[in-house]
Amino acid sequence: MGLSGVPLLVYARIYGFNAVNLEFFESKPHLTDFLSTTSRSVYRAFNEHIKKDLIKDERSYRHPGGIETKRYSVVWSAIPARVRGLDPNEASSPDKTSPPEILSRQTAYGG
Numbered sequence: 007m008g009l010s011g012v013p014l015l016v017y018a019r020i021y022g023f024n025a026v027n028l029e030f031f032e033s034k035p036h037l038t039d040f041l042s043t044t045s046r047s048v049y050r051a052f053n054e055h056i057k058k059d060l061i062k063d064e065r066s067y068r069h070p071g072g073i074e075t076k077r078y079s080v081v082w083s084a085i086p087a088r089v090r091g092l093d094p095n096e097a098s099s100p101d102k103t104s105p106p107e108i109l110s111r112q113t114a115y116g117g
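Those letters in the sequence shown? Residues 7 to 117, per this note's numbering, in order.
There may be inaccurate statements among the hints.
Claimed, not checked - Here are the simulated lysine to aspartate or glutamate pairs, EDC-like style, with alpha carbons at most 20 Å apart:
#1 K34 with D59
#2 K76 with D63
#3 K34 with E74
#4 K76 with E64
#5 K62 with E29
#6 K62 with E74
Think of the hints as simulated: they come from the structure by calculation, not from any bench.
Based on the provided sequences and hints, a complete structural model is requested.
Below, the structure written as structure tokens:
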């Protein structure tokens, strides 16, 4: 993907949320502070990522306090297959019919 510096940090931040099935709607000013960088660098990184189809701009998110921010998500198909892993949106949920191993042992020993 060829990312480094602020663009890599911005992408990693969005990816980190999306990889665990959370939405990313952090404001750019807050992200700028979090990364200890300039707002220009953050805005430029977002624009480059959208232009390269690495992330997509989703519908806006309205915080309970009334503030509205944009929502972004990773374009999973843009990640090379060798490093992609499972797409959280397509991953199957764990098998909920089998009890955890510890419970199986307790049942077997009458516990």
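Each hint, compared with the structure:
1. Between K34 and D59 the CA atoms are separated by roughly 19 Å; this keeps the pair inside 20 Å, and the hint holds.
2. At most 20 Å may separate the alpha-carbon atoms for a hinted pair to count; K76 and D63 meet this at roughly 7 Å.
3. Simply put, K34 and E74 have alpha-carbon atoms about 12 Å apart, close enough for the 20 Å limit, and the pair holds.
4. Restraint check: the Cα-Cα separation between K76 and E64 comes to about 7 Å, which is no more than 20 Å; the hinted pair holds.
5. A hinted pair counts as satisfied when its Cα atoms are at most 20 Å apart, and K62 with E29 qualifies at roughly 12 Å.
6. Taking the CA atoms of K62 and E74, the gap is near 17 Å; set against the 20 Å cutoff, the hint holds.
Violated hints: none; the structure is consistent with every hint.
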